[in-house]
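**Q** If you read the sequences in order, they're chains A and B.
Taking my numbering, the leading residue of the first sequence gets 1, the next gets one more, and so forth.
Taking my numbering, the leading residue of the second sequence gets 1001, the next gets one more, and so forth.
Honestly, the hints are just simulated from the structure, not real lab data.
Bear in mind that the values here come from a model prediction, so they are computed numbers and not experimental data.
The reader is advised that the hints may include incorrect statements.
Covered stretches of chain A (chain B as the covering partner; in silico rule of three or more C-beta atoms under 8 Å from a C-beta of chain B) [what the hints assert, rightly or not]: (1) 41 to 55; (2) 165 to 171.
Some, not all, of what chain B presents toward chain A, calculated at C-beta under 10 Å [stated by the list, open to error]: (3) Val1054; (4) Asp1161; (5) Ser1163.
Dumping the calculated DMTMM-like pairs for lysine to aspartate or glutamate here, alpha-carbon to alpha-carbon at most 20 Å [said to hold, decoys possible]: (6) Lys323(A) <-> Glu345(A); (7) Lys189(A) <-> Asp1052(B); (8) Lys1259(B) <-> Glu1311(B); (9) Lys1069(B) <-> Glu1345(B); (10) Lys47(A) <-> Asp1161(B); (11) Lys323(A) <-> Asp218(A); (12) Lys1047(B) <-> Asp161(A); (13) Lys1306(B) <-> Asp1296(B); (14) Lys1189(B) <-> Asp52(A); (15) Lys189(A) <-> Asp235(A); (16) Lys69(A) <-> Asp109(A); (17) Lys1342(B) <-> Asp1028(B).
We put the beta carbon where it would ideally sit given N, CA and C, even for glycine.
2 protein chains.
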Amino acid sequence: MNVAIAADVKADQSATPSKNSQAQNGMDVLLDLVSDDLKAVNALIMKHMQSDVVLIPQLAGHLIAAGGKRLRPLLTLASSRLCGYKGDRHLGLAACIEFIHTATLLHDDVVDESDLRRGRDTANALFGNKPSVLVGDFLFSRAFQLMSRDSSLEVIRILSDASAVIAEGEVQQLMTSNDLETDRDAYLKVISGKTAVLFAASCQLGAVVADRPQNEADALEAYGQYLGIAFQLVDDILDYSAKQAALGKTVGDDFREGKMTLPIILAYEKATAGNNAEELAFWKRVIEELDQSDRDLDHAIALMHKHNALEDSMSLAREYVQKAIDALAIFPDSPEKNALVKAVEFSISREF
Amino acid sequence: MNVAIAADVKADQSATPSKNSQAQNGMDVLLDLVSDDLKAVNALIMKHMQSDVVLIPQLAGHLIAAGGKRLRPLLTLASSRLCGYKGDRHLGLAACIEFIHTATLLHDDVVDESDLRRGRDTANALFGNKPSVLVGDFLFSRAFQLMSRDSSLEVIRILSDASAVIAEGEVQQLMTSNDLETDRDAYLKVISGKTAVLFAASCQLGAVVADRPQNEADALEAYGQYLGIAFQLVDDILDYSAKQAALGKTVGDDFREGKMTLPIILAYEKATAGNNAEELAFWKRVIEELDQSDRDLDHAIALMHKHNALEDSMSLAREYVQKAIDALAIFPDSPEKNALVKAVEFSISREF
Chain A
1 MNVAIAADVK ADQSATPSKN SQAQNGMDVL LDLVSDDLKA VNALIMKHMQ SDVVLIPQLA
61 GHLIAAGGKR LRPLLTLASS RLCGYKGDRH LGLAACIEFI HTATLLHDDV VDESDLRRGR
121 DTANALFGNK PSVLVGDFLF SRAFQLMSRD SSLEVIRILS DASAVIAEGE VQQLMTSNDL
181 ETDRDAYLKV ISGKTAVLFA ASCQLGAVVA DRPQNEADAL EAYGQYLGIA FQLVDDILDY
241 SAKQAALGKT VGDDFREGKM TLPIILAYEK ATAGNNAEEL AFWKRVIEEL DQSDRDLDHA
301 IALMHKHNAL EDSMSLAREY VQKAIDALAI FPDSPEKNAL VKAVEFSISR EF
Chain B
1001 MNVAIAADVK ADQSATPSKN SQAQNGMDVL LDLVSDDLKA VNALIMKHMQ SDVVLIPQLA
1061 GHLIAAGGKR LRPLLTLASS RLCGYKGDRH LGLAACIEFI HTATLLHDDV VDESDLRRGR
1121 DTANALFGNK PSVLVGDFLF SRAFQLMSRD SSLEVIRILS DASAVIAEGE VQQLMTSNDL
1181 ETDRDAYLKV ISGKTAVLFA ASCQLGAVVA DRPQNEADAL EAYGQYLGIA FQLVDDILDY
1241 SAKQAALGKT VGDDFREGKM TLPIILAYEK ATAGNNAEEL AFWKRVIEEL DQSDRDLDHA
1301 IALMHKHNAL EDSMSLAREY VQKAIDALAI FPDSPEKNAL VKAVEFSISR EF
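If we strip away everything but chain A, and leave its shape as in the complex, we get:
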């Protein structure tokens, strides 16, 4: 879903001015650097998502073939190059990572009864809950099949660890939904798990396939982790973005689910600190009781602006961007390092 949003944002950037053009360039540097590798990865993805059971490539293709920026595979490709890797194991691993990511998207889109009413165009909405779950399982299994043939126990350890942490992060997110006591530490733990850990693994694998020392693997893992956190922070901010709304994109999905993302956490903190009974009652009603009417989203956004919640969230994202860039300090300058720096800058230049 993140990738899809990134793709949408990018598609619109041709019509918008300088800041976004910069962002587009940020991703383009990375894309240009590994474009041949990426073509090879896309071919592997198409090849390995096939099955005699025709519904599987049909449903998987709905998500995979339809595009997305392949952000995670791009990170693996660029990290491998950064580490001087000359072989082709990174191609298969990049495909595995996209399969794992797609499986989590399919499972993330499985909704409970109440959400079906929105009629969103998810694989789930088109095909039903169960095929989405099972095709996710297939892609996940396929990823480990490919790893068992082309790779090492170390790689399988990294990606199975990441997968377990993703599931934990997703479950933790469910548990914090509708719970106004969720604080920023709990939130950061959720997004570290559900999003950042796969970014971290994607980058770390570059050092692993290139057989580089542990400190380089650790540096790339840290880079990916911080990038992932920044990326998810921006995603969560964009869900309340007036710009997004003006562009005709969906806004307020998180709000309607009562998801405790940072903008709400910060706005609620301020309401608590100011002992503002009206605001406290508002958040309790719309988030805890999920009792919402049409104009509540606008009011929520207004409260966020009143308390600088979106700006403060963005500041935190910028801190993580800087941490990500700093993590690359051990690597000498190179086109690959430059591309990774530009990519992380892109992650927050998506305007709100």
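Given chain A, work out where chain B should sit, using these hints.
**A** For chain B alone, kept in the frame of chain A given last:
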């Protein structure tokens, strides 16, 4: 679910006569033989299903800790012993197999909107769709985490292959539901995938950890595959069993979903061969259109009896039981071999 039914059937057997006592003995021989190993496996299962995210052990425990016969782990334990294995890798692998099985059960219980109305006491009904999916993902990831630490690429290949085939079998089953053109070959392909392949892998791993020659791994794989097919055939027969109904157990779940299991396939074949317009119209209405009223299940069972569909299904199950036993022929007589033979006899002695 299969294991749960087996457990239920066994629990009732204390009150029923000779044939069932025999069956109970069949499983008891296996249980007695590996009881210490099984305790160790249960301890590993409890240990590795833990997580800081409390909903995970809570939901997983609903299925795992509540019991079940641990049929698949038992097969790994006995197969390892049959192959003379003296180490303890088989314990961790047996736990991995139970995690994979539990993940498939959790995902299998995720239902579309229409099924929620039945209010069954599945993890899904208690906790909602999404936690069931995510906890399944966690257990599945945990299985590969454990394998990446304690095991070999060969083991990971076998279990990731099995997992992919299970998902394919489950999707294929969805595609054949409500489709009266589904024939017995298509049905056997579905149950080979969704059920038998994990039985096969569970047994095959015994030869792999013991580092035995390929022909022994193949023999155990074949044994497990045939056993799994027989087991699922009996499960599907029991869903139309008058005995089950008399015992107060659920009957007709498959019927209500329009699932094309062998009893329906055979009854429909006979209706087609006899060009019986009334029966053809009945099956079309209840299976294809899923337009069912209260007495349709009884009528379906009556048609199955009229056409010997349950008896013929049972004959096929017996054929697979014999094939399973024959597959063990290359192994010399031993308590382990005897226990595996008794276990396969148990699989069809669950009366209907």
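**Q** Quick one: see if chain B covers the stretch 165 to 171 of chain A, three-plus residues with Cβ-Cβ under 8 Å.
**A** Coverage by chain B holds for the stretch 165 to 171 of chain A (5 residues, Cβ < 8 Å).
**Q** Is it true that the CA of Lys69(A) sits at most 20 Å from the CA of Asp109(A)?
**A** 19 Å, holds
**Q** Checking one constraint from the list: CA of Lys1259(B) to CA of Glu1311(B), max 20 Å. Satisfied?
**A** 19 Å, holds
**Q** Starting from Lys189(A), check that the Cα of Asp1052(B) is at most 20 Å away, please.
**A** 12 Å, holds
**Q** Between Lys1069(B) and Glu1345(B), is the straight-line Cα distance small enough, at 20 Å or below?
**A** Cα-Cα ~16 Å, so holds.
**Q** Given the hinted pair Lys189(A) and Asp235(A), is their alpha-carbon gap at most 20 Å?
**A** 16 Å, holds
**Q** Min Cβ distance, Ser1163(B) to chain A: is it shorter than 10 Å?
**A** Holds, about 4 Å.
**Q** Regarding the pair Lys1306(B) and Asp1296(B), is the alpha-carbon distance no greater than 20 Å?
**A** 15 Å, holds
**Q** With a cut-off of 10 Å, does the beta carbon of Val1054(B) approach a beta carbon of chain A closely enough for the hint to hold?
**A** 8 Å, holds
**Q** So if I understand the rule, the pair passes when the alpha-carbon distance is 20 Å or less; does Lys47(A) with Asp1161(B) pass?
**A** Distance ~16 Å between Lys47(A) and Asp1161(B) Cα, so the pair holds.
**Q** Holds or violated: the stretch 41 to 55 of chain A covered by chain B, criterion of 3 or more residues with Cβ-Cβ distance under 8 Å?
**A** This one holds; 5 residues, not fewer than the three required, reach chain B with a Cβ under 8 Å.
**Q** For Lys1342(B) and Asp1028(B), compute the direct alpha-carbon distance and say whether it is at most 20 Å.
**A** 9 Å, holds
The earlier numbered hints are all upheld by this structure, with none contradicted.
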